[in-house]
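> Fit chains L, U and P to the given chain D structure using the hints.
Residue numbers (my numbering), protein chains in the order written: chain D, 1 to 156; chain L, 1001 to 1156; chain U, 2001 to 2082; chain P, 3001 to 3082.
Since the hints were derived computationally from the structure, they do not count as laboratory data.
There's no promise every hint is true.
The following residues of chain U were derived to be distant from chain L, with all beta-carbon distances above 10 Å [stated by the list, open to error]:
| id | residue |
| --- | --- |
| 1 | 2003 |
| 2 | 2009 |
| 3 | 2011 |
| 4 | 2014 |
| 5 | 2024 |
| 6 | 2033 |
| 7 | 2035 |
| 8 | 2044 |
| 9 | 2048 |
| 10 | 2059 |
| 11 | 2070 |
| 12 | 2071 |
If you want the footprint, here are the derived chain P segments under chain D, 3+ residues with CB under 8 Å [claimed, not checked]:
| id | region |
| --- | --- |
| 13 | 3019-3032 |
| 14 | 3035-3044 |
Cβ atoms here follow ideal geometry from the backbone N, Cα and C, with glycine treated the same way.
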Amino acid sequence: MALDVRLATETLSAPSELERFLSGRTGDGAVVTFTGLARGVGKDGSTIESLTLDWYPGMTERSMVDIAEAAAARFPVSDLAVVHRCGDIVPGETIVFVAAAAPHRRVAFEAADYLMDRLKTEAAFWKRETGPAGTRWIEPVDEDRAALARWKDETP
Amino acid sequence: MALDVRLATETLSAPSELERFLSGRTGDGAVVTFTGLARGVGKDGSTIESLTLDWYPGMTERSMVDIAEAAAARFPVSDLAVVHRCGDIVPGETIVFVAAAAPHRRVAFEAADYLMDRLKTEAAFWKRETGPAGTRWIEPVDEDRAALARWKDETP
Amino acid sequence: MTRILFFGRVAERLGANCRLDLPAGGATMGEIRNLVAARDEVAAAALLRVDVRGSLDQVVVGEDTLARPDQEIAFFSIFSGG
Amino acid sequence: MTRILFFGRVAERLGANCRLDLPAGGATMGEIRNLVAARDEVAAAALLRVDVRGSLDQVVVGEDTLARPDQEIAFFSIFSGG
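Chain D with its partners taken away, still in its complex shape:
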């Protein structure tokens, strides 16, 4: 069982991460990945020129590891990967890549889904979008909180 958790200050390549995650794998039938991309248009239709993720060196990595360890404890996965960008990100670039491998596909789907729901609300990042009208801070939306709440009903 391996947890590969990394903070990426430079470009994050989802295909390269998938290649690394699949390398040498013959025991597991199922690998699910999630790739989060920076959008060029905000929810209100405005242009986004860049997204900035501020982080707290040490604490941010720890928040990612905590989430990965919780997923590993909760689901019978073989391996997990969580790679998250920080710093300045332009539209189309990858913000986050998550992968879960398991013998059964349902477990792989659920583990990746859980990782994302927790990362989107609990990972120690501060995000702001910069566009023609200036910069604005982003906080978890109700949709994110509702997604996270789905996992609370069940015992970990």
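What follows is chains L, U and P alone, placed relative to chain D:
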């Protein structure tokens, strides 16, 4: 909206497929992929030397397109990709790669999940595993049928 | 002569296809299945099973569907899935 | 002098950090927050908000937690998530 559905007679590279799927994408925040790998050990613990997927040229592709179109009709996705190997496959090789892109991550997860549940039971392939004890045919297991039944309750 | 295609377990027993002389007006899928099965014991064992399906022009159809000699006719064991 | 770190909206207003002369026996996180906030109106506006949290040695803690001068102390707006 693009549906990229292909039958691969040669090696299928999930990282290359992901790269192709992500290329130029700036409108969608969420991309979920599923990669199914050939296992080296059967459910009964026996060694699997190779997996063979027989197919019916034309009808097999149509079965894959039907499933992709049903997913596209059911979920508000931006794009879907379904690439499936046929022929002889050795352990560790990729059997199937599915990708779903959507503005919202829940939709991307559900569309990929749905695609896999239908492909695992309804795609027009005939599978057999070859090991030291010979060759045996594989059919959908109860687990696959139960997974598929999850989607029947809801209106499409 | 019309070519009848086989896939899956059926093909394992009977090979990839066989040829059959169909009446010009066609025959139902059930009749075609019985015609091929009547050839010998191996064909009967491979085809006369509840888990064998037929398709016409690459669409799975029932036993009562009429098949014309110029259509693509196939019989196969149920799909394994992907 | 102990360095107090800031992140998120707090850092936007107050910069990445400030220095504070803490008593040798330490102070609670709430007291430290009030000490920094008392410096000027900008600091007060940035820190005296319900959505500002504090951490001690990189673990989020409550207002009553005692912080010693040799520990790593930070204040920040709530996480945006990843």
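> Look at each hint and say if it fits the structure.
How the hints compare with the structure:
no. : hint      : verdict
1   : 2003      : holds (14 Å)
2   : 2009      : violated (6 Å)
3   : 2011      : violated (7 Å)
4   : 2014      : holds (14 Å)
5   : 2024      : holds (25 Å)
6   : 2033      : holds (17 Å)
7   : 2035      : holds (21 Å)
8   : 2044      : holds (19 Å)
9   : 2048      : holds (18 Å)
10  : 2059      : violated (8 Å)
11  : 2070      : holds (16 Å)
12  : 2071      : holds (13 Å)
13  : 3019-3032 : violated (count 0)
14  : 3035-3044 : violated (count 0)
Checked against the numbered hints given earlier, this structure breaks hints 2, 3, 10, 13, 14; the rest are met.
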